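S.K.: Okay, here's what each chain looks like letter by letter:
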Amino acid sequence: MVERRPDLRPAHQINLLMRCVQSARQVAHTCLTPAYMSVITDTRIRQKIPLWRDERALKAVAQIVSAIIIIGFLYWGISNFLTITEQRGMPLTYQFLKEPAGFPVAESYIAYEPTMSFGRAFTVGLVNTLVVSVSGIVLATLLGLIVGLARLSSNWLVNRTALAFIEFHRNIPLLVLLFLWYFGVFTRLPRVKESIILAGPVYINQRGIYLIWLRLTETGGVFLAFALVGVMLSITAWMVLRRIRETHGRETYFGGVSLAILILIPFIGWFVSGGEPFQPNEPVLQGFNFQGGLRLSPEFAALLIGLTTYTAAFIAEVFRAGILAVRKGQIEAARALGLKNNQVLSLIILPQALRVVIPPLISQYLNLTKNSSLALTIGYQELFAVGKITINQAGRAVPVFLMVMATYLVISLLTSLILNIYNRRVQFIEK
Amino acid sequence: MSDASEILAPPSPPGFYEWLRKNLFSNWFNALLTIFSLVFLYLALVNVIRWMFFTADWRPVTGSPLLFLIGQYPRDQLWRPGLSLLICALLIGMSWGVWERYVKAFAIFLGILLGVLALIPLETPTITLVVRAVFLVCPFLIFGGFWVGRRSGVQGRHVTTLWLIAAIFILLVLLPGLSSIPALPVVPTTAWGGLLVTLLLAIGGIVLSFPIGVLLALGRRSSLPVVKLFSILFIEVVRGVPLVTILFMFSIILTLFMPAESRIDRILRALMAMVFFSAAYTAENVRGGLQAIPEGQVEAAKALGLSGLQITSFIVLPQALRLVIPNIVGQFISLFKDTTLVIIVGINDLLGIGNAVLNLQPDFVRLQMEVYLFITAIFWVFSYFMSYASLELEKALGVGER
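Taken in sequence, the protein lines are chains W and A. If you're matching positions, the first sequence starts at 1 in the working numbering and goes up one per residue. If you're matching positions, the second sequence starts at 1001 in the working numbering and goes up one per residue.
If you are wondering where the hints come from, they were derived from the structure by calculation, not from laboratory data. Computed from a predicted model, the values in this text were never measured in an experiment. Glycine is no exception: its CB is placed at the ideal position from the N, C-alpha and C atoms. Wrong hints could be hidden among the right ones.
To give a feel for the contact side, a few chain A residues facing chain W, derived at Cβ under 10 angstroms [stated by the list, open to error]: (1) 1019; (2) 1020; (3) 1028; (4) 1031; (5) 1041; (6) 1043; (7) 1199; (8) 1224; (9) 1248; (10) 1249; (11) 1255; (12) 1356; (13) 1359; (14) 1362; (15) 1371; (16) 1376.
Within a straight-line C-alpha distance of at most 25 angstroms, the following computed SDA-like cross-link-like pairs (lysine to any residue) qualify [said to hold, decoys possible]: (17) 1022(A) - 1034(A); (18) 1022(A) - 146(W); (19) 59(W) - 1034(A); (20) 193(W) - 297(W).
Next comes chain W alone, as it looks inside the complex (with noise of 0.2 angstroms):
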């Protein structure tokens, strides 16, 4: 009845037998003893598995011993930790924050001083982290897109340039284009006097890259309020809107509507503001140096420019997968259904190719962040540069670095918090 299999290990083949038997038994009994059915019970079967072969019991030992060996390192590593600061008299508290920092910082876009705190350092160090990547994000994305499209154009000197522009990027250590561009280019440049003037006009030289910029006038708020009032009003309207021809089948005209009130709110602010919300604000030279205009350093600009550029040849490549991800046969479709070009471009390559961009993208986006730390190198003070001069200022090497990393660790997971459900969005909704 049961045939001997050698391909299966003993404990099988015992089990094999045990049940066959079992079943036999439990027959005979069902037929020849009806009234002592409930007698039986499987506790032979139970009985068998010994505790150091039940796989639920080795499971909890595996998880238990591995628990005590990772939390007995970290307790080693902590209580060596705790003697050694004891012995040096610097505990783990944040208390040293509000201490005066007492050092300068070279960029800041909030109010600094060296007699304000650690803390308030921090701050700074942080915003002109966001700041680079913000910046660097935005300008990557295009600047990829530009590039990708380059990639797949049916000209082959445009093809062949941008494919050039991607090798040269990915095959470079960041570190070293940063190095390029701020040492090779930006710590050559001339001298205020002899500035190169570009058209704009924009003002090149050892200080920094000096741009026109608006400047707001006295009433310029007004118009700020209006024109964020506007878009506000125009994305509530394009969401109510579209949901209720998506609902209701009714032509509501959502874009149309979204964008009228997108202009015309911010034209009324223009009016009520007096007509002129800005003046065009140039870099002119006085004495040694540019005033006015928005100045760049050189340091932001190197690191700008190869944060861009390197982040860039990556997403030029995600762009163009993305792209020739969406199937041949769906533009033709849509094209033998009679809808015309944009429609085809914003109905039925946009909708799938974000899909597949988007993850990749968003880990571009991460990285650029996290390689805006390279700064260090090169001399913008943001967040780790700062964190940097502050443990060797407060000599508080571990809460400091505590610190920058949780910092990191904050715009990481958000960063990919808000664009994972974004993500979610455009993805297929299957069954």
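Since the structure of chain W is provided, determine the placement of chain A on it from the hints.
M.R.: Frame of chain W; chain A shown alone:
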């Protein structure tokens, strides 16, 4: 039905003008683009070439090639890196013979490069005749190794074993030296530098981080909640922070968590940081491969009576790893590039030597562009060959086809 006469001749290959018309001037927009990019490329190329051959001052690079290769390694002990180079050349040749096209381009390139290095006239006293002789022997060793590797008796695992033995011998005995052997005086790692350290960190990081990464990936998919939790925590925390912070942690913070008397070598600490960082990324790549293996494979293996360990090592991992080879190679390339960050913790890798060379003579200070471009070229070549090998491997394994 179809006569022979009805079958059209295959279209003749497009002529030069046909190709031009199709690829560069298909419509007015393309023609405009072509002309625009031609002008742009012409201006760029002319300026670059003029700069490279007339304006640029390559003395920092040509004046101290040994510094870029091995850093401050004692010059009276030069035979040690020299011997290491010869061993590596032979093994690269054998790898070329065994694995054919994945190594071919790199091996040939390396042979030519070393030959050029041996013969190029340089006005430096550091490159002695002996050094040139070593460089000159390398191409022949590569070719000899290729010839040996081609023979049917030599297989991939033999070469892998030889590589392993050579790596252990070179890194633990030959280069650092042993205090017990008078012929091999100890050379502290503070004297190491240049390409030697860059390659050491990159290869060490790649080799050591891979098994840890695989274990972490398995841990993340484990059914044991505690193991899973620790794996997820490790992977997500490490991936959420920049490499700089981890390098910094290992170089400064680690000593605070160790017993007061213990000292870990500086380069070893940097290597630990690279491994730590890279393992988390490798884990995520491997996890992608693990998720792609259908559940049926595991169930089938269970039905055959394989144990959990057997299922993982014989059924799941081989298939999963094959799927993610391109990603893992890409990750190794980025690890290789990331080794430059160790200059932040004061290690003289290739980039660090570049900075040091700039301070060698007062008139070198303004020559950053030349030095950094030279370093860029070295990194570019290595990374490019790695991605090339990865593409070939991808084709050979048929990723995405099976």
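S.K.: Indicate, hint by hint, whether the structure satisfies it.
M.R.: Structure-based check of each hint:
1. 1019: It holds, given that the least Cβ distance between residue 1019(A) and chain W is near 8 angstroms, below 10 angstroms.
2. 1020: Nearest chain W Cβ about 9 angstroms off; hint holds.
3. 1028: violated, 12 angstroms
4. 1031: This interface hint holds because 9 angstroms falls under the 10 angstroms limit.
5. 1041: Since chain W brings a Cβ to about 7 angstroms from residue 1041(A), closer than 10 angstroms, the hint holds.
6. 1043: Because about 13 angstroms separates residue 1043(A) from the closest Cβ in chain W, which is outside the 10 angstroms limit, the hint is violated.
7. 1199: violated, 14 angstroms
8. 1224: Constraint on residue 1224(A) satisfied, holds at 5 angstroms.
9. 1248: holds, 7 angstroms
10. 1249: For residue 1249(A), the interface hint holds, since the closest Cβ of chain W sits about 7 angstroms away, which is under 10 angstroms.
11. 1255: With a minimum Cβ separation of about 8 angstroms from chain W (threshold 10 angstroms), the hint on residue 1255(A) holds.
12. 1356: violated, 14 angstroms
13. 1359: Check failed: Cβ of residue 1359(A) comes no nearer than 12 angstroms to chain W, outside 10 angstroms.
14. 1362: Since the shortest Cβ distance to chain W is 16 angstroms, the answer is violated.
15. 1371: Given a least distance of 9 angstroms, the restraint on residue 1371(A) holds.
16. 1376: At 5 angstroms from the nearest chain W Cβ, residue 1376(A) passes the 10 angstroms test, so the hint holds.
17. 1022(A) - 1034(A): holds, 12 angstroms
18. 1022(A) - 146(W): Cα-Cα ~22 angstroms, so holds.
19. 59(W) - 1034(A): Given that 25 angstroms is the threshold and the Cα spacing comes to 66 angstroms, the pair is violated.
20. 193(W) - 297(W): holds, 17 angstroms
In this structure, the earlier hints numbered 3, 6, 7, 12, 13, 14 and 19 are contradicted, and the remaining ones agree with it.
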